[in-house]
Each structure stands twice: as C-alpha cells, then as structure tokens.
Amino acid sequence: MKLLLDENLPKKLKYRFPSTFNLITVPELEWGGVKNGDLLKKMNDENLKVLISIDKSFNHQQNLITHSVCLIVLKAKDNRYETLLKFMPKLLSVLNNALDPGVILIEQ
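First residue of the sequence shown: 138, per this note's numbering; consecutive thereafter.
Calculated directly from the structure, the hints in this document are not laboratory data.
Take these hints with a grain of salt, some might be off.
Below, simulated SDA-like cross-link-like pairs (lysine to any residue); rule was C-alpha separation at most 20 Å, straight line [to be verified]:
id: 1; residue 1: 139; residue 2: 239
id: 2; residue 1: 151; residue 2: 191
id: 3; residue 1: 148; residue 2: 215
id: 4; residue 1: 212; residue 2: 147
id: 5; residue 1: 193; residue 2: 213
id: 6; residue 1: 139; residue 2: 164
id: 7; residue 1: 151; residue 2: 222
id: 8; residue 1: 179; residue 2: 140
id: 9; residue 1: 139; residue 2: 229
id: 10; residue 1: 223; residue 2: 241
id: 11; residue 1: 148; residue 2: 213
id: 12; residue 1: 227; residue 2: 245
id: 13; residue 1: 212; residue 2: 150
id: 14; residue 1: 186; residue 2: 238
id: 15; residue 1: 193; residue 2: 169
id: 16; residue 1: 193; residue 2: 204
id: 17; residue 1: 172; residue 2: 144
id: 18; residue 1: 186; residue 2: 234
id: 19; residue 1: 149; residue 2: 166
id: 20; residue 1: 172; residue 2: 200
id: 21; residue 1: 139; residue 2: 238
id: 22; residue 1: 149; residue 2: 227
id: 23; residue 1: 212; residue 2: 201
id: 24; residue 1: 214; residue 2: 158
id: 25; residue 1: 139; residue 2: 234
id: 26; residue 1: 212; residue 2: 232
id: 27; residue 1: 193; residue 2: 238
id: 28; residue 1: 148; residue 2: 222
id: 29; residue 1: 223; residue 2: 192
id: 30; residue 1: 193; residue 2: 174
id: 31; residue 1: 227; residue 2: 153
id: 32; residue 1: 139; residue 2: 226
id: 33; residue 1: 186; residue 2: 202
The task is simple: from the sequences and hints, build the whole structure.
Now the structure itself:
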C-alpha cells in the first residue's frame with residue numbers, strides 16, 4: 138500500500154511505520170505548498186491511495202472519493218512528534234485493513 142505523509146507531520150514519523158508500507162512524505166516528493174486539490178491529482182498520478190494528515194479542514198475542501206484517496210486525519214492537539222507517536226497503534230490498526238476512499242478520523 139502506498140502512503141503519503143502530509144507536510145504538516147514530522148518527517149521522522151515515517152520511520153515508525155513497518156517496512157511493509159510504501160511510505161513517502163510530501164517534502165520527499167517536493168510537493169510542499171501544493172494546494173489540496175492539486176495534491177490529490179498528484180497522488181492519483183503517483184498511485185498514492187492514502188494521505189495521513191492532521192489537517193481537519195482538508196476533508197471539507199475536497200471530494201476524496203472522486204480522487205480515490207483515503208484521508209486519515211489524526212485529531213491531535215499539535216503536530217509534535219511526541220504527540221503523534223501516541224496515535225501510532227490506532228493508525229497502524231486502521232492501515233492493516235482495506236481502506237476505501239473517504240475520510241477516517243483517528244482520536245487518541
């Protein structure tokens with residue numbers, strides 16, 4: 138499964154995922170600052186099916202189903218690495234299931 142970590146997440150969070158996931162970050166693709174709609178189009182072009190973010194407004198701005206993307210939003214109080222580590226067990230559990238296009242909210 139190809140996953141994309143949004144630019145609002147610390148890059149080092151990537152290393153907390155098992156090697157079975159094909160994970161890349163927005164900065165690695167040099168997509169920083171790309172607007173959400175364009176990001177979804179680029180994801181389709183690269184066959185990236187899952188976006189992990191803390192951008193709670195993203196799902197209101199775009200039609201994720203049209204772009205065949207599953208957006209996983211971590212409902213975190215901030216984007217500090219230490220804060221986000223607490224979400225990893227639930228996040229990995231979600232990722233180990235089949236994911237349909239749309240939005241999944243993960244709370245701590």
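For each hint, the structure was consulted:
For the suggested pair residue 139 and residue 239, the alpha carbons sit about 16 Å apart, so the restraint of at most 20 Å is met. Note on residue 151 and residue 191: the hinted pairing holds, with a Cα-Cα distance of about 15 Å set against a maximum of 20 Å. A hinted pair counts as satisfied when its Cα atoms are at most 20 Å apart, and residue 148 with residue 215 qualifies at roughly 15 Å. Distance hint between residue 212 and residue 147 is fulfilled; the C-alpha atoms sit about 15 Å from each other, no more than 20 Å.
At most 20 Å may separate the alpha-carbon atoms for a hinted pair to count; residue 193 and residue 213 meet this at roughly 10 Å. This hinted pair checks out: residue 139 and residue 164 have alpha carbons roughly 16 Å apart, not beyond 20 Å. Under the criterion of a C-alpha separation no larger than 20 Å, the hint pairing residue 151 with residue 222 is consistent with the structure, at around 11 Å. With a C-alpha separation of about 13 Å, the suggested pairing of residue 179 with residue 140 holds against the 20 Å cut-off.
With a C-alpha separation of about 14 Å, the suggested pairing of residue 139 with residue 229 holds against the 20 Å cut-off. Straight-line distance between C-alpha atoms of residue 223 and residue 241 comes to about 17 Å, which keeps the hinted pair within the 20 Å bound. Of the supplied pair hints, the one linking residue 148 and residue 213 holds, its CA atoms being roughly 16 Å apart against a limit of 20 Å. Of the supplied pair hints, the one linking residue 227 and residue 245 holds, its CA atoms being roughly 8 Å apart against a limit of 20 Å.
Among the hinted pairs, residue 212 with residue 150 is consistent with the structure: their alpha-carbon atoms are about 16 Å apart, no more than 20 Å. Distance check on the hinted pair: residue 186 and residue 238 sit about 8 Å apart at the alpha-carbon level, within 20 Å; holds. Taken as a hint, the residue 193 and residue 169 pair is honoured in the structure, with Cα atoms around 18 Å apart against an allowance of 20 Å. At roughly 18 Å between alpha-carbon atoms, residue 193 and residue 204 fall within 20 Å of each other, so this suggested pair holds.
Annotation: proposed proximity of residue 172 to residue 144 holds, straight-line Cα distance about 11 Å (limit 20 Å). Between residue 186 and residue 234 the alpha-carbon distance is near 13 Å, which keeps this suggested pair within the 20 Å criterion. A hinted pair counts as satisfied when its Cα atoms are at most 20 Å apart, and residue 149 with residue 166 qualifies at roughly 15 Å. For a cut-off of 20 Å, the pair hint linking residue 172 to residue 200 stands: about 14 Å separates their Cα positions.
Between residue 139 and residue 238 the CA atoms are separated by roughly 14 Å; this keeps the pair inside 20 Å, and the hint holds. Of the pairs offered as hints, the one joining residue 149 and residue 227 holds, with about 18 Å between alpha carbons and a cut-off of 20 Å not exceeded. With a CA separation close to 18 Å, the supplied pair residue 212 and residue 201 stays within the 20 Å bound. Taken as a hint, the residue 214 and residue 158 pair is broken in the structure, with Cα atoms around 26 Å apart against an allowance of 20 Å.
For the given pair, residue 139 sits about 14 Å from residue 234 by alpha-carbon distance, which is consistent with the 20 Å threshold. Of the supplied pair hints, the one linking residue 212 and residue 232 holds, its CA atoms being roughly 16 Å apart against a limit of 20 Å. Between the alpha carbons of residue 193 and residue 238 the distance comes to roughly 16 Å, so the proposed pair stays at or under 20 Å and holds. Between residue 148 and residue 222 the CA atoms are separated by roughly 12 Å; this keeps the pair inside 20 Å, and the hint holds.
Distance restraint check for residue 223 and residue 192: the Cα-Cα separation of roughly 17 Å lies within the 20 Å cut-off, and the hinted pair is therefore satisfied. Of the pairs offered as hints, the one joining residue 193 and residue 174 holds, with about 15 Å between alpha carbons and a cut-off of 20 Å not exceeded. The suggested pairing of residue 227 with residue 153 holds, with an alpha-carbon distance near 13 Å, which does not exceed 20 Å. About 19 Å separates the Cα atoms of residue 139 and residue 226, which keeps this hinted pair within 20 Å; it holds.
Distance hint between residue 186 and residue 202 is fulfilled; the C-alpha atoms sit about 11 Å from each other, no more than 20 Å.
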